[in-house]
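A.B. asks: This is what each chain is made of:
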Amino acid sequence: MRIELQKRANTSTLFSILSPLLALALTLVAGAIMFGLLGKSPLGALYIYFVEPLLDVWSLHELAIKAAPLILIAVGLSICFRSNNWNIGAEGQFTIGAITGSILPVLNPEWHSPLILPLMLVMGMIGGALYAGIPALLKTRFNTNEILTSLMLVYIAQLFLDWLVRGPWRDPQGYNFPQTKSFQPEAVLPEILDSGRAHLGIIFALIAAVALWFMMRFMLKGFQVSVLGQSERAGRFAGFSARRMVWFSMLLSGALAGLAGISEVSGSIGHVQPVISPGYGFTAIIVAFLGRLNPLGIIASGFVLALTYLGGEAAQLSLSISDKVSRVFQGLILFFVLSCDTLIHYRIRLIFNPSTAQEGKR
Amino acid sequence: MTFEGVEASPLLSVRGLSKLFGSFAACDAIDLDIGHGEIHALLGENGAGKSTLVKMLFGVLQPTAGTISWEGRPVVIPSPGEARRLGVGMVFQHFSLFEALTVAENIALSLDPRTPLAKIAEETATVSKAYGLPLDPSAHVADLSVGERQRIEIIRALLQNPKLIILDEPTSVLTPQEAERLFETLMRLKAEGRSVLYISHRLEEVQRICDRATVLRHGKVTGDCDPRKETPASLARMMVGTEVAEVQRADAGAFGDVLVEVAKVSVAPRTPFAVSLKDISLKVRAGEVLAIAGVAGNGQSELFDALSGEYPISDDDGIRLRGKPVGRLRINGRRLLGAGFVPEERHGHAAVSALSLSDNLLLARSRSDKKAFLAGGPLSILRRDAILSASRRICSIMDVRKSGDDPAAGSLSGGNLQKFIVGRELDRQPSVLVVNQPTWGVDAGAASRIRQALVDLAKAGSAVIVISQDLDEIFEIATTIAVISDGKLSDPYPAGELTLEQIGLLMGGIHERHSGVETAHAH
Amino acid sequence: MFEAILLTVITASTPLVVAALGELVSQRSGVLNLGVEGMMIMGAVAAFATAQLTGSPYLGILGGIIGGGLFSLLFGFLTLTLVANQVATGLALTILGLGLSGQIGEAFVGMPGVRLQPLVIPVLSDIPFFGRVLFSQDLIFYMSVALVFGISWFLFKSRTGLKMRAIGDNHGSAHALGINVVRTRYLAVLFGGACAGLAGAQLSLVYTPQWVENMTAGRGWIALALVVFASWRPLRVLAGGYLFGAVGIGQLHAQLLAQSGGIAIPSQLLSALPYAATIVVLIIISHNRRTTLINTPASLGKPFVPDR
Numbered sequence: 001m002r003i004e005l006q007k008r009a010n011t012s013t014l015f016s017i018l019s020p021l022l023a024l025a026l027t028l029v030a031g032a033i034m035f036g037l038l039g040k041s042p043l044g045a046l047y048i049y050f051v052e053p054l055l056d057v058w059s060l061h062e063l064a065i066k067a068a069p070l071i072l073i074a075v076g077l078s079i080c081f082r083s084n085n086w087n088i089g090a091e092g093q094f095t096i097g098a099i100t101g102s103i104l105p106v107l108n109p110e111w112h113s114p115l116i117l118p119l120m121l122v123m124g125m126i127g128g129a130l131y132a133g134i135p136a137l138l139k140t141r142f143n144t145n146e147i148l149t150s151l152m153l154v155y156i157a158q159l160f161l162d163w164l165v166r167g168p169w170r171d172p173q174g175y176n177f178p179q180t181k182s183f184q185p186e187a188v189l190p191e192i193l194d195s196g197r198a199h200l201g202i203i204f205a206l207i208a209a210v211a212l213w214f215m216m217r218f219m220l221k222g223f224q225v226s227v228l229g230q231s232e233r234a235g236r237f238a239g240f241s242a243r244r245m246v247w248f249s250m251l252l253s254g255a256l257a258g259l260a261g262i263s264e265v266s267g268s269i270g271h272v273q274p275v276i277s278p279g280y281g282f283t284a285i286i287v288a289f290l291g292r293l294n295p296l297g298i299i300a301s302g303f304v305l306a307l308t309y310l311g312g313e314a315a316q317l318s319l320s321i322s323d324k325v326s327r328v329f330q331g332l333i334l335f336f337v338l339s340c341d342t343l344i345h346y347r348i349r350l351i352f353n354p355s356t357a358q359e360g361k362r
Numbered sequence: 001m002t003f004e005g006v007e008a009s010p011l012l013s014v015r016g017l018s019k020l021f022g023s024f025a026a027c028d029a030i031d032l033d034i035g036h037g038e039i040h041a042l043l044g045e046n047g048a049g050k051s052t053l054v055k056m057l058f059g060v061l062q063p064t065a066g067t068i069s070w071e072g073r074p075v076v077i078p079s080p081g082e083a084r085r086l087g088v089g090m091v092f093q094h095f096s097l098f099e100a101l102t103v104a105e106n107i108a109l110s111l112d113p114r115t116p117l118a119k120i121a122e123e124t125a126t127v128s129k130a131y132g133l134p135l136d137p138s139a140h141v142a143d144l145s146v147g148e149r150q151r152i153e154i155i156r157a158l159l160q161n162p163k164l165i166i167l168d169e170p171t172s173v174l175t176p177q178e179a180e181r182l183f184e185t186l187m188r189l190k191a192e193g194r195s196v197l198y199i200s201h202r203l204e205e206v207q208r209i210c211d212r213a214t215v216l217r218h219g220k221v222t223g224d225c226d227p228r229k230e231t232p233a234s235l236a237r238m239m240v241g242t243e244v245a246e247v248q249r250a251d252a253g254a255f256g257d258v259l260v261e262v263a264k265v266s267v268a269p270r271t272p273f274a275v276s277l278k279d280i281s282l283k284v285r286a287g288e289v290l291a292i293a294g295v296a297g298n299g300q301s302e303l304f305d306a307l308s309g310e311y312p313i314s315d316d317d318g319i320r321l322r323g324k325p326v327g328r329l330r331i332n333g334r335r336l337l338g339a340g341f342v343p344e345e346r347h348g349h350a351a352v353s354a355l356s357l358s359d360n361l362l363l364a365r366s367r368s369d370k371k372a373f374l375a376g377g378p379l380s381i382l383r384r385d386a387i388l389s390a391s392r393r394i395c396s397i398m399d400v401r402k403s404g405d406d407p408a409a410g411s412l413s414g415g416n417l418q419k420f421i422v423g424r425e426l427d428r429q430p431s432v433l434v435v436n437q438p439t440w441g442v443d444a445g446a447a448s449r450i451r452q453a454l455v456d457l458a459k460a461g462s463a464v465i466v467i468s469q470d471l472d473e474i475f476e477i478a479t480t481i482a483v484i485s486d487g488k489l490s491d492p493y494p495a496g497e498l499t500l501e502q503i504g505l506l507m508g509g510i511h512e513r514h515s516g517v518e519t520a521h522a523h
Numbered sequence: 001m002f003e004a005i006l007l008t009v010i011t012a013s014t015p016l017v018v019a020a021l022g023e024l025v026s027q028r029s030g031v032l033n034l035g036v037e038g039m040m041i042m043g044a045v046a047a048f049a050t051a052q053l054t055g056s057p058y059l060g061i062l063g064g065i066i067g068g069g070l071f072s073l074l075f076g077f078l079t080l081t082l083v084a085n086q087v088a089t090g091l092a093l094t095i096l097g098l099g100l101s102g103q104i105g106e107a108f109v110g111m112p113g114v115r116l117q118p119l120v121i122p123v124l125s126d127i128p129f130f131g132r133v134l135f136s137q138d139l140i141f142y143m144s145v146a147l148v149f150g151i152s153w154f155l156f157k158s159r160t161g162l163k164m165r166a167i168g169d170n171h172g173s174a175h176a177l178g179i180n181v182v183r184t185r186y187l188a189v190l191f192g193g194a195c196a197g198l199a200g201a202q203l204s205l206v207y208t209p210q211w212v213e214n215m216t217a218g219r220g221w222i223a224l225a226l227v228v229f230a231s232w233r234p235l236r237v238l239a240g241g242y243l244f245g246a247v248g249i250g251q252l253h254a255q256l257l258a259q260s261g262g263i264a265i266p267s268q269l270l271s272a273l274p275y276a277a278t279i280v281v282l283i284i285i286s287h288n289r290r291t292t293l294i295n296t297p298a299s300l301g302k303p304f305v306p307d308r
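From first to last, the protein sequence lines stand for chains A, B and C. Counting along the first sequence from 1, when you hit position 171 you're at 171 in the numbering used here, and nothing is skipped either side. Counting along the second sequence from 1, when you hit position 256 you're at 256 in the numbering used here, and nothing is skipped either side. Counting along the third sequence from 1, when you hit position 19 you're at 19 in the numbering used here, and nothing is skipped either side.
Quick caveat, the hints were computed from the structure, so don't treat them as lab data. A few of these clues could be false.
Claimed, not checked - Derived DSS-like pairs: lysine-lysine, alpha-carbon spacing no greater than 30 angstroms straight-line:
hint	chain 1	residue 1	chain 2	residue 2
1	C	163	B	119
2	C	157	A	7
3	C	157	B	129
4	A	7	B	119
5	C	157	A	221
What the hints assert, rightly or not - Output of the computed footprint for chain A on chain C, the stretches with three or more beta carbons under 8 angstroms from beta carbons of chain A:
hint	stretch
6	127–135
7	246–259
Claimed, not checked - Some but not every residue of chain A turned toward chain B, in silico, with C-beta under 7 angstroms:
hint	residue
8	5
9	10
10	211
11	220
Even glycine gets a Cβ: it sits at the ideal position worked out from N, Cα and C.
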């Protein structure tokens, strides 16, 4: 058997909507098989993993807490990816944003002003943007591949955070735990509802997604993003600068990742510690693709991926399956999304006759 | 080499050969016979199905229906390797060469894998000497001229000792003199008893060297004849179907102010594969159509880049538009001064294939038509309805045939997309228009429409620069002709004073007005 | 002392060299596989598990090669058959590999590993200094050296290697000539995966013979940088690999030195050195746009759909 692709004249609208749904369905099937292999009842496990977390208020709040950074980072990345800038170091920008945003509460724990929180958020965004500015500078100035540089910077950021909280920022009264003092109440991101822990982060995420959707849909800037992403040469013909687009997309996504970082630290953790993210920066790449690089789609996919984290925790408790399983799910989703996206641009034909003479088959 | 005894059956015989791409029939029930020692022409416009047909004969594509017989026996040609074993050699139009490899390595790729590279280099040298096609086997292809690259393809085909050689539009990349040498080689092959399938849309060549001609239109055979017994007009009718409107020329002499002036511009190559521009000077006045002829890869795209401002030059005074120095101005700055530009490559340069036509309109005019197309001040909100109605207007004026109201640019045929791209600039009534290869790969109807539009623009008082490889086109529309060769531009000549032969000499790099062209006069 | 340092440098460099060589072959055929990290960690866990279950480190090596190779076929299927974006698919491979290996390796956390013992080559190992450094190594080291020369020969002397370079230069022309682009690329991707798997096996059988989650720690990415650094030439991969390995080992020794000398250099700063060094090297290499343009396989990362 062999698979043959036939290019469609126009991209299929039907499959652009169907593709992410198909991918999710395939992920569930693969998940059922995996649970079966682990000796669990496939349907029961899927229920615990994907449905149970949606049934009580507490976990809905947790869902919003986890979706917030994913959506914030992913909408920024969607602009990068659409303009053909492969920032995969959002995890590092998240970390640096968390650090720069925390400078004020860590160094001035006695400063009780309503100004502190807005300043923290701005500083977090600046930190993330500047850190993303490094690969942007290297790409525009030295033509250095941003994939590798932004990724190397993730490791460096994490080591820097580790050094900070074990060294200069460590709370002397912290029983030798490597973490800072808890933030003063003024420096904590407020909760949005009385019913649970969900904080303003999710509101930031929704605002960012809608704003960037508006930009991509209605503004010349959004048009520039898609033109330069598809053909730098055509962009140059239009008078758009690819170099400035590198800066714009990298700084924007860096700032949003930084905002996600400081929101996470200030909203859900309350202090700085060596590990502040379960890999949000990388998972957001999946979120961006599952949302088909469309900011509104990303809101939905952000919640889906947040659910894989929650499901992983639930599965660990009630099925005694390692929470690594959530990473596997995330990887599978991305694989299936990328496979299904083929349907948007190509018609797929399966050819069964084993004609031996034909070359080019696999 | 002779083929006595099998003369009765033709070398190659094709019956009812069809190729469907989806529901589109690129080739529709084609019949074709090629005799031994015959030079057989395959005539047709771009998109008539010539390339698809030969790809099936060479095993690159598989036919949907029909039979191929070789020396009287029915055969299936599943791959180019099998085609070569039968004795078919192919010289592609867009060379299938590898820039990063050497000449010998390129040739080795299509030969028996057991032949050592050293032996291939040796044979290459022998064959190139025997057929008058000089070539250095150890040279890297990236460093070779277009003519030399074609020699590699021909030698590659010859080394397999083929009975049939297929040449796809071989002269479109050659100077008239290089073409002349190619014809000599073909005659030598014919004398050896080999057959040639010669694909072209140039009637004059076909009448000169071919014994028979098969004419294709829209994938069907519309004529099978002896080209020497036909007139160019009758052949053209078979190719095009209807008579194509003749372009009404602009009258030379009645020119206005100088609108474009380039003074001694030199540009270093931007990439390792680019040509440097050397001391380019030109002037174009209102009402003038300056055509820049030349073989591909002699600095045309670099000149276009400099003129359009996609890559501004360092000397601000080097280029003047309507008297203003613009050398350092970028493309949109030049557009604001009234200039319009049409690049050579449609997909990925002049247009983005996946975007709609209206988006592609905005592509060229987001700055120059800011007032009409954008709202909301610094937010720059797109006025979709205004853009869409302008796009519809262009489509109706230029007769752009499309499916749907605002389809993706990639879904249009080459000719229709090119009409849109040219119309997009004409719609602004530019006072200066620079066009690179305006009708490359475009069907005759669209080509004639585009050429007429360019002439009309000049008549209305604009300055037009047309960079083109197509000499017929140049003679059809130019009032003034200059030739670019190796990044140097010749002096301009009034169109009426130049012959094909003189242009050929200039293309070959002979620039001195008083030696080269005068000698040519002496013929 | 010097000899001991050199031995550790070799151990640290071998996985980089092996993984980069595999990726080099893949990229020479025009496929950009960013999933090296994922294939490497799958190789590491597969090798460790096989060695644990069979008790044989040599079967472990085989397990690593097969693990990495099979995993790369997933990438091949998506990018070559379904023509998915190579960058995104490579990232997916890395994410999935890190997750899957964690899941598989769960059972092996904390277990003492099976160490691959050196193969001392008689006679040659008696040569002073060189004998101990070069001829008393483990099998994977010998394989890495053989791979360097084998791949050099394959790419520049063999006809199949020529075809592979041709595909990497211009897949459309290669197809027109009748070279099977997709099949050749599948083989190149598979070879890249097998090499990454072998590199992973070296980590879990030689470098630190135990299973630790995420034990590749970015080495797959460094191997990618190494391919660019080496401008797609096998011998330069060897040189570059040892340079990167030396930086990694150098920082370890600097840490020890600093500790014993009572100088307070933060360990994190030194740990960050290999990553920082990678960035610096990338800047130096890509700085010259011209050489990058000439050396990069022209069809690298571009999708190919054969028309027929």
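A.B. asks: With reference to the structure, classify each hint as holding or not holding.
C.D. replies: The hints, checked one at a time:
no.	hint	in the structure
1	C:163 <-> B:119	holds (18 angstroms)
2	C:157 <-> A:7	violated (37 angstroms)
3	C:157 <-> B:129	holds (27 angstroms)
4	A:7 <-> B:119	violated (42 angstroms)
5	C:157 <-> A:221	violated (51 angstroms)
6	127–135	violated (count 0)
7	246–259	violated (count 0)
8	5	violated (12 angstroms)
9	10	holds (5 angstroms)
10	211	violated (11 angstroms)
11	220	holds (4 angstroms)
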